[in-house]
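Residues per chain are reported as follows:
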Amino acid sequence: MTVQMDSSMRSESAWSLALRRLWRDPVGRISLGVVTFYLVLVGMVLAGWLGTRWNDPVAVNYAPPTWFVSAANRVTLPAGEAWDRTLVVPLYGWTDPLEPLWSEARAAAQRIQPEPVSYRLTLPFGADKWGRDVGQKVLKGTQTSVWVGLVAAFVATLIGTVLGALAGYYGRVVDDLLNGFYGVLTSIPYLLLVFAVAAVLQQKGVGTLILILGLTGWTGVFRLVRAEYMKHRTREYVLAAGALGASHGRRVWVHILPNVGHVVLVQFSQNLVGFIKSEVILSFLGFGVPVSSVSWGSMLNEAQNELILGKWWQLVVTTVAMAVFVTASSLLTDALRDALDPRLNS
Amino acid sequence: MKGGRVWVLWLALLWMSSLQAQEKVLHVAFSASETGFDPVQTSDLNTAAIEQQLFESLLTYDYLARPAKLVPRLAATMPSVSGQGRVWTFTLKKGVYFSPDPVFRGKKREVTATDVVYTLMRFMDPKNRSPYKFLLDGKIEGLDERAAQARATGHFDYDTPVAGLTVLDPWHVRVHLKTTDYNFGHAMAQPVMGIVAREVIEAYAGDTASHPVGTGPYRLGQWLRSARIELIRNPNYRPEVWHFSPGNDPENRRLVAQMEGKMLPRIDRIDIQIIEEAQSAWLSFGKGELDILGIPAQFSPLALSGDQLRPEWVRRGVHLDRIVEPAIAYYFINQQDPVLGGMTPAKIALRRAIFLAMNDGEMMRVIDKGQAIRTTYPIPPGVAGADAQYQSLLNYDPELANQLLDAYGYRRDRTGYRLQPDGKPLEVQYTTGLSSQDRELDEVMKKSLDRIGLRFSSNKLKFPDIIRAERQCQVQFRLSAWIADYPDGDNFMQLWYGPHTHENNASCYQDPEWDRLYEQTLTLPDSPRRDALYHRLARRLELYGVTKVSTSALRNVLSQPWVLGYRAHPILPSVWNYLDVEERHGATP
Chain A
0 MTVQMDSSMR SESAWSLALR RLWRDPVGRI SLGVVTFYLV LVGMVLAGWL
50 GTRWNDPVAV NYAPPTWFVS AANRVTLPAG EAWDRTLVVP LYGWTDPLEP
100 LWSEARAAAQ RIQPEPVSYR LTLPFGADKW GRDVGQKVLK GTQTSVWVGL
150 VAAFVATLIG TVLGALAGYY GRVVDDLLNG FYGVLTSIPY LLLVFAVAAV
200 LQQKGVGTLI LILGLTGWTG VFRLVRAEYM KHRTREYVLA AGALGASHGR
250 RVWVHILPNV GHVVLVQFSQ NLVGFIKSEV ILSFLGFGVP VSSVSWGSML
300 NEAQNELILG KWWQLVVTTV AMAVFVTASS LLTDALRDAL DPRLNS
Chain B
0 MKGGRVWVLW LALLWMSSLQ AQEKVLHVAF SASETGFDPV QTSDLNTAAI
50 EQQLFESLLT YDYLARPAKL VPRLAATMPS VSGQGRVWTF TLKKGVYFSP
100 DPVFRGKKRE VTATDVVYTL MRFMDPKNRS PYKFLLDGKI EGLDERAAQA
150 RATGHFDYDT PVAGLTVLDP WHVRVHLKTT DYNFGHAMAQ PVMGIVAREV
200 IEAYAGDTAS HPVGTGPYRL GQWLRSARIE LIRNPNYRPE VWHFSPGNDP
250 ENRRLVAQME GKMLPRIDRI DIQIIEEAQS AWLSFGKGEL DILGIPAQFS
300 PLALSGDQLR PEWVRRGVHL DRIVEPAIAY YFINQQDPVL GGMTPAKIAL
350 RRAIFLAMND GEMMRVIDKG QAIRTTYPIP PGVAGADAQY QSLLNYDPEL
400 ANQLLDAYGY RRDRTGYRLQ PDGKPLEVQY TTGLSSQDRE LDEVMKKSLD
450 RIGLRFSSNK LKFPDIIRAE RQCQVQFRLS AWIADYPDGD NFMQLWYGPH
500 THENNASCYQ DPEWDRLYEQ TLTLPDSPRR DALYHRLARR LELYGVTKVS
550 TSALRNVLSQ PWVLGYRAHP ILPSVWNYLD VEERHGATP
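Heads up: the protein sequence lines correspond to chains A and B, in order.
Each residue of the first sequence is one higher than the last, beginning at 0 in numbering that gives the first Met the number 0.
Each residue of the second sequence is one higher than the last, beginning at 0 in numbering that gives the first Met the number 0.
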């Protein structure tokens with residue numbers, strides 16, 4: 000009896016309790032598994048173990064998808080266009096400013112016989128218009144999109160939390176100023192704001208995309224964290240910390256922050272889903288990733304023209320990859336909120 | 000009382016809807032925005048297509064004759080030419096009025112020879128910075144001196160007559176050219192040479208681009224910039240009759256049967272939408288919301304099998320018209336660019352290597368979907384001076400490009416990309432638009448440059464911004480296209496003439512030797528002597544890595560069964576004034 004009492008009375012931390020609650024929820028368990036699987040994939044692509052050959056033309060244009068590979072699944076094509084390298088064109092009386100190096104380069108190039116390349120006729124996930132493997136592309140695209148979402152969500156959550164904490168804790172002028180800034184930013188329609196930031200940054204790239212999304216998406220976090228801090232700053236434990244001589248900074252970051260951490264975490268995962276969708280929209284509209292990279296959005300953009308020609312595979316593969324991740328992330332967010340909110344669990 | 004008002008309102012609405020039913024409307028789409036409707040400032044085809052309907056030039060091209068043939072438009076007859084092609088006398092039609100505008104204070108304003116002189120002078124006014132100045136530049140007696148004077152004083156004197164432009168009487172104007180010019184008639188047939196009224200231009204000074212007032216069959220109606228342009232019938236338009244000779248073409252005979260003798264224009268309203276995405280335009284045509292559509296290249300597999308219209312479209316009664324565009328797609332590199340420009344051998348080698356890496360075959364197969372032919376000469380087929388046998392120096396050859404870059408010291412760094420000979424980083428910036436086809440172009444370009452180890456970056460701009468950047472010599476490298484304004488080789492060769500920098504010479508190429516030869520060609524009619532000079536000019540462009548001519552597109556135009564009288568014209572930017580539409584007979588699916 001005493002032993003039993005002892006074990007049940009050992010106090011567990013709020014976080015491990017929450018984790019246990021998450022694990023008890025089957026939806027939470029499955030979605031956590033799926034999201035983890037994607038994160039592992041992203042890690043492997045980032046490390047260069049997967050999806051490295053996404054830009055190589057390995058098959059014929061628009062090779063259809065099939066899982067039944069026959070022996071005759073290859074075709075050999077001559078490399079390059081056939082043109083007669085030995086042909087000497089008349090210069091019509093000019094002298095070539097690059098002689099003699101031009102003739103030497105031509106002679107050297109003539110000695111290189113381009114190897115004929117063999118291409119596959121089908122692929123498990125099909126090929127795009129350049130003959131690139133859609134399977135490889137979707138791996139690389141997943142990495143880009145999820146990475147953009149993760150980093151942008153981190154940036155946005157960081158900005159939102161810091162500003163929200165300052166506004167909520169200090170109040171008065173700080174709060175007025177930050178609230179005014181928040182008001183201006185949220186009064187602009189979201190996509191317009193995104194385009195405006197894109198126009199100001201002037202550069203294309205994954206880094207720019209992260210900045211755009213991070214700099215425009217922190218407002219929701221700000222609002223919630225500010226409210227939490229306003230609530231907490233007059234609580235007894237904070238007042239007690241102040242009486243014991245803890246500085247304002249210590250009260251804000253060491254005492255209150257852990258107690259509003261669950262709000263931040265839920266906001267982070269919600270932003271993640273939102274930003275992945277925004278990235279897709281931006282890339283679809285041509286503001287997204289540059290051609291040196293590929294993302295879900297740029298793949299869907301390509302797929303819109305392919306679909307009308309009856310080449311459905313890139314669209315299907317991308318949509319499935321994206322839908323599974325976005326759904327799993329959304330469900331995980333819900334499950335996290337349930338698990339982290341002690342009131343729902345009484 | 001109140002009920003009475005509502006009743007009147009209903010009646011008015013009924014009356015208006017019955018009008019709507021009778022109104023004939025033509026729906027068309029453009030893939031890029033218009034730039035504003037002052038002819039003197041126009042350089043793009045879409046704007047020219049609209050100006051063709053708003054304004055009228057002295058001459059134009061016969062609708063059906065092929066190859067394109069000059070015929071009078073505002074002129075009553077073809078001009079009389081004397082003095083070995085140096086004195087051109089034009090006779091104007093009488094009773095031609097400008098479309099109504101508040102500037103005219105309710106009076107009908109007739110076109111006279113003075114308007115012709117004013118219109119021509121405007122092109123030389125430095126304030127207008129006309130992209131089509133080349134049509135008159137250095138050609139008319141006294142006009143260049145007037146322009147020089149305007150540059151010095153900051154004011155162009157329109158009031159004092161110029162020696163080369165004589166008003167004989169209100170309906171006769173005589174042009175004295177400095178040198179022999181056999182293309183002056185073509186210049187006078189340009190849509191940008193549409194006659195304008197001085198009082199209108201001066202009344203709207205600074206905003207002439209949004210107040211077009213011309214004599215054309217249509218006037219500007221509602222205009223939502225970069226979205227929708229509406230042209231409505233000009234009430235002051237003179238009686239004109241559809242009358243063209245069909246020649247031996249059976250398709251033309253069908254047109255003549257449909258249209259001969261009808262009063263023009265037939266259509267009350269032309270509704271032009273700007274649809275940048277080819278897919279949207281394609282689907283709109285399929286639903287019958289657009290009446291005429293040039294098939295976007297990426298959709299040609301859906302409309303065509305080989306060079307024939309697919310049976311499902313034939314069954315719907317849709318017509319296909321297929322011609323080789325009198326146009327070239329050509330790569331150019333800005334010769335004044337700090338990275339790629341310059342005349343040192345190393346820079347020339349770099350530019351030639353870039354051109355050697357461009358894979359024209361893949362471009363035609365994948366991007367044009369086979370709806371293009373490879374052209375190597377700056378003058379495309381169907382244009383005077385063309386040469387189908389010309390051999391390019393710069394055929395696709397990445398191995399040669401790599402050898403050349405190695406020889407000139409463009410070493411590769413650890414990432415496999417090349418550096419400049421002095422060790423500085425090297426990046427080629429390619430300019431395209433924002434559509435999905437532009438992204439495909441970016442992809443081809445990146446692949447091509449990767450093959451020779453050059454780092455690629457893309458600069459994405461809207462079309463009017465690209466044109467603006469080109470004029471300021473700020474586009475480093477681009478695949479551009481030029482379609483013939485008039486079917487003569489000179490219209491293409493002028494693209495590299497030094498004094499045309501900041502106008503149409505987007506490569507900003509300034510080479511005294513090239514310019515000297517080009518000026519010689521201007522004194523020659525279409526002849527073997529001129530062709531020999533053109534060959535030298537074309538080769539020099541390749542030798543110095545200025546340009547590489549890539550392809551000529553095939554134009555496939557579909558028209559709905561209810562559109563009457565349609566034939567694609569190689570030169571005229573729009574032919575809406577020659578068309579008619581019938582009541583639709585349930586052809587839409």
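Simulated from the structure, these hints should not be mistaken for lab results.
A couple of the hints might just be wrong.
Stretch-level coverage of chain A by chain B, calculated; a stretch enters the list once three of its residues show a Cβ under 8 Å from a Cβ in chain B [said to hold, decoys possible]:
id : region
1  : 103–110
2  : 185–196
3  : 296–305
Cut-off 30 Å, straight-line C-alpha distance, at most; resulting in silico cross-link-like pairs (BS3-like, lysine-lysine) [to be verified]:
id : chain 1 : residue 1 : chain 2 : residue 2
4  : A       : K276      : B       : K107
5  : B       : K368      : A       : K128
6  : A       : K128      : B       : K461
7  : B       : K23       : B       : K126
8  : B       : K68       : A       : K276
9  : B       : K68       : A       : K128
10 : B       : K177      : A       : K276
Some chain B residues close to chain A (C-beta under 7 Å, calculated; not the full set) [as the list claims (entries may be wrong)]:
id : residue
11 : A162
12 : V166
13 : L319
14 : A348
15 : K368
16 : G369
17 : L392
18 : Q402
19 : G408
20 : R411
21 : S435
22 : E442
23 : E581
Note that this is a predicted model, so its numbers are computed, not measured.
Glycine is no exception: its CB is placed at the ideal position from the N, C-alpha and C atoms.
Against the structure, the hints come out as follows:
Requiring three or more residues with a Cβ within less than 8 Å of a Cβ of chain B, the coverage given for the region 103–110 of chain A holds, as 5 such residues are present. Here the region 185–196 of chain A counts 0 residues with a CB under 8 Å from a CB of chain B, which misses the bar of 3, and the coverage is violated. With 5 residues having a beta carbon nearer than 8 Å to a beta carbon of chain B, the region 296–305 of chain A meets the requirement of three or more and the stated coverage holds. Simply put, A:K276 and B:K107 have alpha-carbon atoms about 59 Å apart, too far for the 30 Å limit, and the pair is violated.
Between the alpha carbons of B:K368 and A:K128 the distance comes to roughly 11 Å, so the proposed pair stays at or under 30 Å and holds. This hinted pair checks out: A:K128 and B:K461 have alpha carbons roughly 25 Å apart, not beyond 30 Å. Between the alpha carbons of B:K23 and B:K126 the distance comes to roughly 40 Å, so the proposed pair goes past 30 Å and is violated. Annotation: proposed proximity of B:K68 to A:K276 is violated, straight-line Cα distance about 56 Å (limit 30 Å).
As the CA atoms of B:K68 and A:K128 are separated by approximately 42 Å, the hinted pair breaks the 30 Å bound. For the suggested pair B:K177 and A:K276, the alpha carbons sit about 64 Å apart, so the restraint of at most 30 Å is broken. Here the hint on B:A162 is broken, as its CB sits about 38 Å from the closest CB of chain A, past 7 Å. At about 45 Å, the closest approach between the beta carbon of B:V166 and any beta carbon in chain A exceeds 7 Å, and the interface hint on this residue is violated.
Hint status for B:L319 relative to chain A: violated, with the closest Cβ pair at about 19 Å, above 7 Å. Interface hint at B:A348: satisfied, since its Cβ lies 6 Å from the closest Cβ of chain A, which is below the 7 Å cut-off. Hint status for B:K368 relative to chain A: violated, with the closest Cβ pair at about 9 Å, above 7 Å. For B:G369, the interface hint is violated, the least distance from its beta-carbon to any beta-carbon of chain A being 12 Å, above 7 Å.
The beta carbon of B:L392 comes within 5 Å of a beta carbon in chain A, closer than 7 Å, and the hint placing it at the interface holds. Here the hint on B:Q402 is kept, as its CB sits about 4 Å from the closest CB of chain A, short of 7 Å. Look at B:G408: its Cβ only gets to about 11 Å from chain A, farther than 7 Å, so that hint breaks. At a threshold of 7 Å, the smallest CB-CB gap from B:R411 to chain A is about 16 Å, leaving the interface hint violated.
Satisfaction of the interface hint for B:S435 is found here, the shortest Cβ-Cβ separation to chain A being roughly 6 Å, below the 7 Å cut-off. About 5 Å separates the beta-carbon of B:E442 from the nearest beta-carbon of chain A, less than 7 Å, and the hint is met. Annotation: B:E581 was flagged as interfacial toward chain A, and the flag is violated, the nearest CB pair being 29 Å apart, outside 7 Å.
Hint compliance for this structure: hints 2, 4, 7, 8, 9, 10, 11, 12, 13, 15, 16, 19, 20, 23 are broken, all remaining hints hold.
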